[in-house]
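**Q** First to last, the protein sequences are chains A and B. 10 is the number of the first residue of the first sequence in the working numbering; add one for each residue after it. 10 is the number of the first residue of the second sequence in the working numbering; add one for each residue after it.
If you're looking for bench data, these hints aren't it; they were derived computationally from the structure. Hints are supplied without guarantee of correctness; some may be wrong.
[What the hints assert, rightly or not] With a Cα cut of at most 25 angstroms, we get these calculated BS3-like pairs of lysine-lysine: (1) A/Lys174 <-> A/Lys220; (2) A/Lys120 <-> A/Lys96; (3) B/Lys120 <-> B/Lys96; (4) A/Lys212 <-> A/Lys56; (5) B/Lys120 <-> A/Lys220; (6) A/Lys120 <-> A/Lys220; (7) A/Lys120 <-> B/Lys174; (8) B/Lys174 <-> B/Lys56; (9) A/Lys212 <-> B/Lys212.
Protein chains: 2
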Amino acid sequence: MGEIRKNEMYRLFTYDQLMEMPSRYRGVLLNKVSGVKPANLIGTQSKDGQTNLAVFNSVVHIGANPPYLGFILRPTTVERHTYDNIKATGVYTINQITTQIVQQAHQTSAKYDRTTSEFNAVGLTACYHEGFQAPFVGESHIKMGLQFEEEHYLSCNDTRLVVGKIQYLLLPEGLVEEDGNIALEQLDSVAIGGLDSYYTIEKLGRYAYAKAN
Amino acid sequence: MGEIRKNEMYRLFTYDQLMEMPSRYRGVLLNKVSGVKPANLIGTQSKDGQTNLAVFNSVVHIGANPPYLGFILRPTTVERHTYDNIKATGVYTINQITTQIVQQAHQTSAKYDRTTSEFNAVGLTACYHEGFQAPFVGESHIKMGLQFEEEHYLSCNDTRLVVGKIQYLLLPEGLVEEDGNIALEQLDSVAIGGLDSYYTIEKLGRYAYAKAN
Numbered sequence: 010m011g012e013i014r015k016n017e018m019y020r021l022f023t024y025d026q027l028m029e030m031p032s033r034y035r036g037v038l039l040n041k042v043s044g045v046k047p048a049n050l051i052g053t054q055s056k057d058g059q060t061n062l063a064v065f066n067s068v069v070h071i072g073a074n075p076p077y078l079g080f081i082l083r084p085t086t087v088e089r090h091t092y093d094n095i096k097a098t099g100v101y102t103i104n105q106i107t108t109q110i111v112q113q114a115h116q117t118s119a120k121y122d123r124t125t126s127e128f129n130a131v132g133l134t135a136c137y138h139e140g141f142q143a144p145f146v147g148e149s150h151i152k153m154g155l156q157f158e159e160e161h162y163l164s165c166n167d168t169r170l171v172v173g174k175i176q177y178l179l180l181p182e183g184l185v186e187e188d189g190n191i192a193l194e195q196l197d198s199v200a201i202g203g204l205d206s207y208y209t210i211e212k213l214g215r216y217a218y219a220k221a222n
Numbered sequence: 010m011g012e013i014r015k016n017e018m019y020r021l022f023t024y025d026q027l028m029e030m031p032s033r034y035r036g037v038l039l040n041k042v043s044g045v046k047p048a049n050l051i052g053t054q055s056k057d058g059q060t061n062l063a064v065f066n067s068v069v070h071i072g073a074n075p076p077y078l079g080f081i082l083r084p085t086t087v088e089r090h091t092y093d094n095i096k097a098t099g100v101y102t103i104n105q106i107t108t109q110i111v112q113q114a115h116q117t118s119a120k121y122d123r124t125t126s127e128f129n130a131v132g133l134t135a136c137y138h139e140g141f142q143a144p145f146v147g148e149s150h151i152k153m154g155l156q157f158e159e160e161h162y163l164s165c166n167d168t169r170l171v172v173g174k175i176q177y178l179l180l181p182e183g184l185v186e187e188d189g190n191i192a193l194e195q196l197d198s199v200a201i202g203g204l205d206s207y208y209t210i211e212k213l214g215r216y217a218y219a220k221a222n
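If we strip away everything but chain A, and leave its shape as in the complex, we get (with noise of 0.2 angstroms):
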C-alpha cells in the first residue's frame, strides 16, 4: 500500500487550509475538482410570459425507470429566476450546449433582470412544444421537457436539489442506435470546466458492461 505525504510531488490542501484561501480562488479552484461537468440550458417560463435561459454544469441523471433529472440550485438569498418559474408553472426544460452555441449559453449566466429574457440577450430561439408552458432553445440538438417532481433542501449551505421528470425528449432524427446508444461526440456536445471552461469531447471507448472475472 502507498503513502500519500506532502512531498515535492503532491501538494495537500487541508480543509483548513481551504477555508483559508480567498473566497474567489477557493470558488474557481473547487469548481474543478470533481472534473468535467455536462453542459446545459435550462429554460423556464413565468406564469406572465416572460422567459428565462440559464447555464447549468451540475446536471445529473437520477434515473431511467421512470425517467428522472435532477440539478443543484444555488440558494435562493438572490433572485433566482429559473427556480421561481419552475415553482410557478411546474415545468422546465433541459436543452444540451454544442459547440456553435458555447459563447451564448455562457453568457446567459449574466445578472440580466427579471424583465430581460435571456433568449433574446444572448441570441439563442426559443421554441415551444404544443401545450407545454417552457421553451426549449432551438439551437441545441438535445432538448427535453421536464416536469417538477421533487426538490431537497441541503441545510449544509442553503443549496437545493430540484428533480424533474422528463415529459418530452426530443433528439435529431436517426441519432438513437439500435441498443438505444446516442454518440455524443456527433452532436458537438461540450463539458464544462467549473464555471468558466469549455470543453470538446473526442471518443475515448465504449465499453462492454463489466463482470467479475
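With chain A held as given, fit chain B onto it using these hints.
**A** Chain B only, in chain A's frame:
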C-alpha cells in the same frame, strides 16, 4: 418564436413512449441525454478494513464555502458497499479518472463480492493519509478525502443524494494557477457518456465572468 414539430429532422419521444421502451434500451438512452459527466472513483473501507472502489458519473459540485461535493447513490435494494462503508466509517475518497486508468476504472463497476477489493481486482493502488480511514487512488491526479455530511432520500425512485465535506484535497504540485484555476486538460481528465463511453477533452475556451450589457 419557433415551434417544435414532429418533422423529419427531430424525433419527439413522449413520457409514455419512453416508458414503453425495453428497459435496457431506455437505460442506455436516458443515461446519455444529459451530456457528458465527470468521471470519478469513490474509495471506501469497511470497519474491518475491507477496501472498496467504484466508478461514479454523478459527482456534483454542491458548494465551495465550505467545500461540499455530492453524488447520487442508486437504490439500496441490492448491496451497496460504497454506501455501507460511508455510513460505517463516515469517510470516503473521490478520485479523478484519467486516460491512463479508464479501463481499470470501468472494470470497478463489475459486481465483485464484498470480500473482494476492487483495488486488487482491477490493479489500482490504495494510498492512505495519516488518520484518514478511506483509501485514495494512487494513480489519480486529483484526490479528495471527504467526510459524510448529509443525505437525502429521493422518494421518486429510491435513490439518495449523498453530500460530503472535503477534508483533504491532493493535487500535483504546481498545478493550481494564480487565480485558483486548474487546467483539467493537462491532467488527462476524462468525461463519461452514460454508463459505458469515455471521452478525452480538448479546451475550447475559458471565458470571463459574464456581465449583462
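**Q** All the hints need checking, so say for each whether the structure fits it.
**A** Hints, one by one, checked against the model:
no. : hint                  : in the structure
1   : A/Lys174 <-> A/Lys220 : 31 angstroms, violated
2   : A/Lys120 <-> A/Lys96  : 20 angstroms, holds
3   : B/Lys120 <-> B/Lys96  : 20 angstroms, holds
4   : A/Lys212 <-> A/Lys56  : 42 angstroms, violated
5   : B/Lys120 <-> A/Lys220 : 6 angstroms, holds
6   : A/Lys120 <-> A/Lys220 : 48 angstroms, violated
7   : A/Lys120 <-> B/Lys174 : 29 angstroms, violated
8   : B/Lys174 <-> B/Lys56  : 20 angstroms, holds
9   : A/Lys212 <-> B/Lys212 : 15 angstroms, holds
Hint check: violations occur at hints 1, 4, 6, 7; the rest are consistent with the structure.
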